[in-house]
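As they're listed, the protein sequences go chains X and G. According to my numbering, the stretch in the first sequence is residues 1 to 109, in order. According to my numbering, the stretch in the second sequence is residues 1 to 114, in order.
Treat the hints with care, since some could be wrong.
Claimed, not checked - Looking from chain G toward chain X, a few residues come up when the C-beta cut is under 7 Å (computed):
# : residue
1 : G42
2 : L43
3 : L45
4 : F88
5 : G97
6 : E102
Hints were generated in silico from the structure; no laboratory data involved. The beta-carbon is built from N, C-alpha and C at its ideal position, and this holds for glycine as well.
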Amino acid sequence: GIQVEQSPPDLILQEGANSTLRCNFSDSVNNLQWFHQNPWGQLINLFYIPSGTKQNGRLSATTVATERYSLLYISSSQTTDSGVYFCAGAQGGSEKLVFGKGTKLTVNP
Amino acid sequence: DGGITQSPKYLFRKEGQNVTLSCEQNLNHDAMYWYRQDPGQGLRLIYYSQIVNDFQKGDIAEGYSVSREKKESFPLTVTSAQKNPTAFYLCASSLAGVLYNEQFFGPGTRLTVL
Numbered sequence: 001g002i003q004v005e006q007s008p009p010d011l012i013l014q015e016g017a018n019s020t021l022r023c024n025f026s027d028s029v030n031n032l033q034w035f036h037q038n039p040w041g042q043l044i045n046l047f048y049i050p051s052g053t054k055q056n057g058r059l060s061a062t063t064v065a066t067e068r069y070s071l072l073y074i075s076s077s078q079t080t081d082s083g084v085y086f087c088a089g090a091q092g093g094s095e096k097l098v099f100g101k102g103t104k105l106t107v108n109p
Numbered sequence: 001d002g003g004i005t006q007s008p009k010y011l012f013r014k015e016g017q018n019v020t021l022s023c024e025q026n027l028n029h030d031a032m033y034w035y036r037q038d039p040g041q042g043l044r045l046i047y048y049s050q051i052v053n054d055f056q057k058g059d060i061a062e063g064y065s066v067s068r069e070k071k072e073s074f075p076l077t078v079t080s081a082q083k084n085p086t087a088f089y090l091c092a093s094s095l096a097g098v099l100y101n102e103q104f105f106g107p108g109t110r111l112t113v114l
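Build out the structure end to end from the sequences listed, making use of the hints.
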């Protein structure tokens, strides 16, 4: 099955800073999702983005399917952005969404 | 409101006991999933079901069992055979299979074995 690698594992920012999180896949995927896990454990859907670019407020994501990576951009970060960001993907022939180990983001006031 | 509910939020179990975690969805989704998350780790798939009365093992099914008698319900039983059951359990659903459909998650159940 596919391997999902996220970087960096940890990221500490001051409020207002911008950041880029990266997700690499070992093989091509048909489903690619980004999630934010809040301090209570809830996984919030950010983007469903197997290819292309999407934006939602201060967050945007770009997936380059041919290069097997995806980027999540957070602009003007706020303390409420803190938490763990996961990417996950699924490839043809499998019904499994495979998760990376996450990037833990801490935004300080 | 449409969504996925899990109960209980916290569960404590003595060693040797079986416990059942509830997962219900009113999104009319065909596919449902159970994941386990350990501290500082990503999610690992336990079981999944793409249709009523059918389910398949995921990567870490040993010591767990499921049923899918109704479209909206996918309960998970953690049996005494599961060697290290203390973890955070997340239920998810998608309209159909995961390949071309977005997956959504419930709020989770924290299980602690005493």
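At a threshold of 7 Å, is the proposed contact between G/F88 and chain X supported by beta-carbon distances?
-> holds, 6 Å
Please verify that hint: G/L45, Cβ, nearest Cβ of chain X, below 7 Å or not.
-> holds, 5 Å
Against chain X, run the beta carbon of G/G97 and see if the smallest gap drops under 7 Å.
-> With Cβ-Cβ at 5 Å, under 7 Å, it holds.
Do the numbers back the hint for G/L43, that is, is its least Cβ distance to chain X under 7 Å?
-> Constraint on G/L43 satisfied, holds at 5 Å.
G/E102 as an interface hint toward chain X, with CB separation required under 7 Å | At 4 Å from the nearest chain X Cβ, G/E102 passes the 7 Å test, so the hint holds.
For the hint on G/G42, does the least C-beta distance to chain X fall short of 7 Å?
-> Holds, about 4 Å.
Taken one by one, the earlier hints all hold for this structure without exception.
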